[in-house]
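Assemble the dimeric complex from its two separately framed chains, guided by the hints.
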Amino acid sequence: MAITRRNILFNPVDRDKFGRGVNLLKQDFSAGVTTQTLGFAGTPIPVSAYDQFVIWHYVAMNTLTPDSPTNVTGRNSAHRGPIFLPWHRFMLLLFEQHLRRVLNDPEFGLPYWDWATDGDLPPTQQTHSALWTQDGIGGNGAPVTTGPFAFNPDPHAHSFRVFFFENLTTGQLTYTAQGRGLVRQLGDGVSNLPPTLAVSDTLATEHDYDAGSWDAQSLAFRNRVEGWRTGTPESPPGLHNRIHVWVGGDMAPGTSPNDPVFYLNHCNEDRIWEGWMAQHGRTYVPTESAADAPEGHRLKDTIISLVTTATTTPQDMLDVTNLYTYDVLPTA
Amino acid sequence: MMKQHELEQLAAPEQLSAALDLYQDQLRRLHHMHHDPRESVRELTYKGHHIRIVTSYRIELDGKPVTGHFLVNNAGQVHYHAIPNQEFPSAVDVIKRIVDLSEALGGADEGSPQHPSHQHGE
Chain C
1 MAITRRNILF
11 NPVDRDKFGR
21 GVNLLKQDFS
31 AGVTTQTLGF
41 AGTPIPVSAY
51 DQFVIWHYVA
61 MNTLTPDSPT
71 NVTGRNSAHR
81 GPIFLPWHRF
91 MLLLFEQHLR
101 RVLNDPEFGL
111 PYWDWATDGD
121 LPPTQQTHSA
131 LWTQDGIGGN
141 GAPVTTGPFA
151 FNPDPHAHSF
161 RVFFFENLTT
171 GQLTYTAQGR
181 GLVRQLGDGV
191 SNLPPTLAVS
201 DTLATEHDYD
211 AGSWDAQSLA
221 FRNRVEGWRT
231 GTPESPPGLH
241 NRIHVWVGGD
251 MAPGTSPNDP
261 VFYLNHCNED
271 RIWEGWMAQH
281 GRTYVPTESA
291 ADAPEGHRLK
301 DTIISLVTTA
311 TTTPQDMLDV
321 TNLYTYDVLP
331 TA
Chain E
1 MMKQHELEQL
11 AAPEQLSAAL
21 DLYQDQLRRL
31 HHMHHDPRES
41 VRELTYKGHH
51 IRIVTSYRIE
61 LDGKPVTGHF
71 LVNNAGQVHY
81 HAIPNQEFPS
91 AVDVIKRIVD
101 LSEALGGADE
111 GSPQHPSHQH
121 GE
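Listed in order, the protein sequences are those of chains C and E. So the first sequence is numbered by my numbering: it starts at 1 and just counts up by one. So the second sequence is numbered by my numbering: it starts at 1 and just counts up by one.
This is chain E alone, in the form it adopts within the complex (with noise of 0.2 Å):
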């Protein structure tokens, strides 16, 4: 059982760039975790038959493409990995919510948005 005194060390302020330091692979997935398409392959077995369907999106939203993660899951639901709490009767529903979340977000940029570089190596 953690011990108040040990939560205290946890949460020092030198703990806050020891972790990253230490967690230089989970960092970097900070920067190579979106860079290809993912497809989404769903395996099953019906009556002795073995299924494999394999799905891939190419989105486009005015022009320009959507290249966030999508999963179509068993179910047959799609999950998008930048709308984590939802799950969609289709691809059509994720962007028209995205289109619904960009109105107010993106009305509420006041800098200009910095994006990943490759500074960590691989």
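Chain C extracted, bound-state conformation (with noise of 0.2 Å):
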């Protein structure tokens, strides 16, 4: 039977199982991956399951499709392009499902953030969201010191640490030994986040799902959810990439899982393309036929993963309504 996600505002229990979850993840090392397992030189350090999430963006970010100096869009195999959304359900049924590994709990829904209805609060206000509360998912800071991500300096604390990070100016994935505190700069990279508005105008201008060049020029609905273009008067980032860059912090580099509120944030969109699919139905472009269409976005196109040996296609990816389902879906 479907599991149900839901508003992590409004569901106590899915929060608190959500923070006790990611915790399990940053300390199950049953896999037995170490940093020499990825290729680092040095004594071997364990590497979470959770951490080797951040690791699969971070590589599927940097590779580019095409992988060609001509590749002026930037598309890589998970963003940029038509990929996006059911390259990231992918990865949030996998991360959903080891939460419910290590809380044994085959019950646990991943929540979402609605993040709208926090864009609909004057700027000054949307920083004191209950969300970035002790009770919520804690607050900002360098280093965040409230709620389940607190940062302790005790190494035998066992408190939430990021590992792998990406080096702003040289791109290169970097970790440290020792664990750092996780960062936020909430309300820095922009001022505030998208009012509900911006959601139901995309719901209700955008009719189909991808377009065009394929990139983050396209005007279509996946475009306007992934953030690179915007139908209201706010200029990009939109969407999903105003949630990076308002968050800031950890949330920026392409080792953006490293935040919890990563996943939440996706969980949220991915409930967009879900309303969306209400409205449209469950149809998806390009297909293989589709004239220029990049290698790596198209319909029957193999995504791959560095958590688990099987692969899924964008098709696959269109209705998992087995699988789950959301509390409320937004609507035009």
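In short, the hints are calculated from the structure, not lab data. Backbone N, C-alpha and C fix where the C-beta goes; we use that ideal spot for every residue, glycine too.
The list that follows gives simulated cross-link-like pairs (lysine-lysine, DSSO-like), each with its CA atoms no further than 30 Å apart:
id	chain 1	residue 1	chain 2	residue 2
1	C	K17	E	K3
2	C	K300	E	K3
3	E	K64	E	K96
Residues of chain C clear of chain E, computed beta-carbon distances all greater than 10 Å:
id	residue
4	D105
5	G136
6	L329
Spelled out as structure tokens, the structure:
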């Protein structure tokens, strides 16, 4: 039977399970993966199941499609193209299942953060949402010192730590053996979250899943949700991208799954996609026969993962209602 | 349609190490994707004329090279791989954002950064 994914702000049980599950996954070294497995020199350091998702995202982000100097679109194997939504749906499915495993709770559903509700507040109030409190997922800081992912400098404390992150000046994946605290800069990169109008307008006006150049210039639903184009007077970044920029800190580089809010954000984008499909049908473009369709982004192209040997396709991700549904879908 | 029992198998702990064994080619990208400065090559045709614009950057921040990949798209916007959710009007704006982010991220660094080796061969 399908589980239900719910709004984290209205469901403290799901919220607390999410925090506990993330911390358990951070301490889960049962796979035996180390930095040596990843090809790093030096004394091998265990790599947690959680951090393997971070690395998967980083590698996907840095795999250009196509991998050519003439690809000036920056389209990669998970972003800036049609694959964006199905790729992250696959990631969330696997992450959610790992949380069920470590929580020993087969009924657990990944919660979502309906950031547009907070985006309807005046900008100065948005950083004071219940999400960013001690009882939520902690607040602002370098490092974050409140909530379930607070940093404790005592190395024996097993507090939430960031180990792998993208070096901003080299783009290389870097790690610290001791780990460091999570960083957030709420509201620094942009002053406000997207409002409900930005979501409803996207659902009302974008009738095609994707279009044209299949990149960050496309005028269609996927690109509105990803946030390279906005239909509202506000300039980009929009929707998904705007959340990354607004949270800042560890949500900014390609290692953004370091901040657990990454999953709450993407769960909301997945919900918006599901809302769009409820209106427009479970359609996806480009198909294999579409002119100039980029390889890796077509309906039946393979999506690989660095956390499982199994693969999937966008086609397989269009209807997963046997696995989960949402309590509420957004509408136009 | 994926079944729940199939999903459970995909998320078994042994799958985590098996995936890294299977996808060694992708894993190598961890260590080989930022070694060379990347050029952006824009090509288009206007009134029958072929236009080709090659852009590369050589940037220093406090005397140290910034070697992450910059792209200039056909709209003239600058995209920087290490800050992937934004586009910028210019490379100067990218560097300003790097500074803003580094102030916080650098301050939270408790450990000694380790850098990639080449243990995976080519």
